[in-house]
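Respectively, the protein sequence lines represent chains A and B. Going by my numbering, the residue at position 92 of the first sequence is 113; the numbering climbs one at a time, nothing skipped. Going by my numbering, the residue at position 308 of the second sequence is 329; the numbering climbs one at a time, nothing skipped.
With a cut-off of at most 20 Å between alpha-carbon atoms, the simulated EDC-like pairs for lysine to aspartate or glutamate come out as follows: (1) A:K104 to A:D59; (2) B:K104 to B:D152; (3) A:K104 to B:D59; (4) B:K104 to A:D59.
A short list of chain A residues far from chain B (calculated; beta carbon distances all over 10 Å): (5) M22; (6) R29; (7) R43; (8) D44; (9) R48; (10) D144; (11) D152; (12) Q188; (13) E214; (14) A218; (15) S281; (16) V289; (17) Q300; (18) G324; (19) G350; (20) D354.
Because the hints were derived from the structure by calculation, they are not lab data. Beta carbons: idealized from backbone N, C-alpha and C, even for Gly.
Here is what each chain is made of, one letter per residue.
Protein chains: 2
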Amino acid sequence: MGLREEIREQPAVVARLIADGRDSIERVAATLQARGVDEIVIAARGTSDHAAVYAQYVLGARLAMPVALAAPSLVTLYGVEPKFGRSAVVGISQSGESPDVVAVVAAARRQGAPTIAITNSPDSPLARAADATIDLAAGEERAVAATKTYTAELTAIALLALALGPQDAGAEAFLATLPSAIAAALEVEPAAERIAAARAGIGGAIVLGRGFEYATAREWALKLKELVRLLADPYSSADFQHGPLALLEPGFPVFALAPSGPPADGQVELLGRLRTDFQVDLVVASDRDDALALGDGLRLPSGVPDWLMPIVSIVPAQLVAYHLARARGIDPDSPRHIRKVTRTR
Amino acid sequence: MGLREEIREQPAVVARLIADGRDSIERVAATLQARGVDEIVIAARGTSDHAAVYAQYVLGARLAMPVALAAPSLVTLYGVEPKFGRSAVVGISQSGESPDVVAVVAAARRQGAPTIAITNSPDSPLARAADATIDLAAGEERAVAATKTYTAELTAIALLALALGPQDAGAEAFLATLPSAIAAALEVEPAAERIAAARAGIGGAIVLGRGFEYATAREWALKLKELVRLLADPYSSADFQHGPLALLEPGFPVFALAPSGPPADGQVELLGRLRTDFQVDLVVASDRDDALALGDGLRLPSGVPDWLMPIVSIVPAQLVAYHLARARGIDPDSPRHIRKVTRTR
Chain A
22 MGLREEIREQ PAVVARLIAD GRDSIERVAA TLQARGVDEI VIAARGTSDH
72 AAVYAQYVLG ARLAMPVALA APSLVTLYGV EPKFGRSAVV GISQSGESPD
122 VVAVVAAARR QGAPTIAITN SPDSPLARAA DATIDLAAGE ERAVAATKTY
172 TAELTAIALL ALALGPQDAG AEAFLATLPS AIAAALEVEP AAERIAAARA
222 GIGGAIVLGR GFEYATAREW ALKLKELVRL LADPYSSADF QHGPLALLEP
272 GFPVFALAPS GPPADGQVEL LGRLRTDFQV DLVVASDRDD ALALGDGLRL
322 PSGVPDWLMP IVSIVPAQLV AYHLARARGI DPDSPRHIRK VTRTR
Chain B
22 MGLREEIREQ PAVVARLIAD GRDSIERVAA TLQARGVDEI VIAARGTSDH
72 AAVYAQYVLG ARLAMPVALA APSLVTLYGV EPKFGRSAVV GISQSGESPD
122 VVAVVAAARR QGAPTIAITN SPDSPLARAA DATIDLAAGE ERAVAATKTY
172 TAELTAIALL ALALGPQDAG AEAFLATLPS AIAAALEVEP AAERIAAARA
222 GIGGAIVLGR GFEYATAREW ALKLKELVRL LADPYSSADF QHGPLALLEP
272 GFPVFALAPS GPPADGQVEL LGRLRTDFQV DLVVASDRDD ALALGDGLRL
322 PSGVPDWLMP IVSIVPAQLV AYHLARARGI DPDSPRHIRK VTRTR
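Hey, can you work out the whole structure from these sequences and the hints?
Below is the structure:
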């Protein structure tokens, strides 16, 4: 099974995780609540680190709790064990084999802090290191570039946020239609292919997202690097204005996420300015007509709660990266130089 | 006074902060210790966010305490106030005028958490929002690109880490010679100019650092974006191997930091592999002969404690960015599109 098939498998993967994984995620949440956690620390690398960024915003917003992304090298290189205190520590890794992520979780468990593994490999070292494991059950991911395990990681985090946070009847009701929203996002493939074909010769890009969609910007940029060999630099739209704005010139490619939600008006204003003042080449993923009208549009389905949208909005981004690789004559099923499992310390 | 003069002013700025600022930093530290803090949250943007990354590693390593980088948009856009509990909250901003950084500090203070401003503007909104202010006293920074305020921010954080952490006689003794180590780093300017002249035509770059030097990699990449309009993507050497490795091809420019310390052997091994297997074009800043021999070298002074080296190692990086701008016919004193103070929400 190739990358495109794994991208297309995402509605089924997410539906299965919601149907079969929810009970165990709720049990994990109940254990955390019983332990009286007041902060969350997350350790992850690569694509999973973008799931960690999503967790930082979603758990931060819904639990009103500081969420820290761990610096694993403190443990593995400097030999320091942070005192985790009343923190829960979550390790995210599809393979469960990153020694640095395992080391952070193992250190936390030795200290008696509650530890959770989110992984597609429930027999992995990460799963063995943690008190509890959330099994993504996404099936084997054969392509080197992670796609379905990323959306599964986000879904697991969203279910954890729902279980730990306040009641949210709207999100609950929406969950049943999340797989069909992902399926609707897959239908932008012709637009993604056209957008890619028109940009086969680009030499670099900026990817902009904000709030919940900052994780999507990071993951989109990584897919462009892995699959397209394109230097793509992701920015929160706020940080972007502190300096990197200097990069822009007419025709410079900017890929942006601007779905409905609190950051949307600011995004539309900024993107309008980038277009008018700097004549950049804009590709915009949004469910809003005003945002889509600013450049080449990737229409996202409407009615998705903003904090669940990253599970949907990454799909057109994956498709753009896939087709941009093909438009450049690169085989997206075998990115050069990298392996599926990366064992960094 | 122009950018080059401000770069050259850094030994004096750091010497002044150590001489005049230390007492007040020790008072701030004593207050934090009296309050019984067990976690630190940092809010910052742009260059100051790289000082925050430095703080994450240095305070994390020396205090063995989780250090979280805040997501300010949770407060400003989503209206969520994290429960800061027993966290101290530090806002870093040279101008003290970033509304989003001010908002995080103000929220923490309302909750009764100890709050600290690190700023070059002791009358700014950020200073007024915090319980205590560490004044960088770096003098007015006229160039749009921050240089001397960045090294002053790192110095303030290092002094705070010394005051809060365990005794460190070696670091104490070294402090008196830190300004002369920065002065020694300024002497690589001819090499930096030569390195820049040889790379005037490059179209993008990767910047690699690890551990304490990850902050330097981030700041080096930002200077290349601001001053040189070069798409430069910073990576921790661990994350780099999870995907972005696919970017590499013969001649691809890689700027790397590899000074002595726990990550150094791994850095030298990785850089050697990048050179042998991928024939990248390497520029290496290090105090180690084996690292310098891997590419065009920027020699860092020896004898600098690894956790203080980022205050020194950024200097050759600034000089490379300055001279690369000039080699490309860009005026480094007035980067396009950006202003000195950026008021993002």
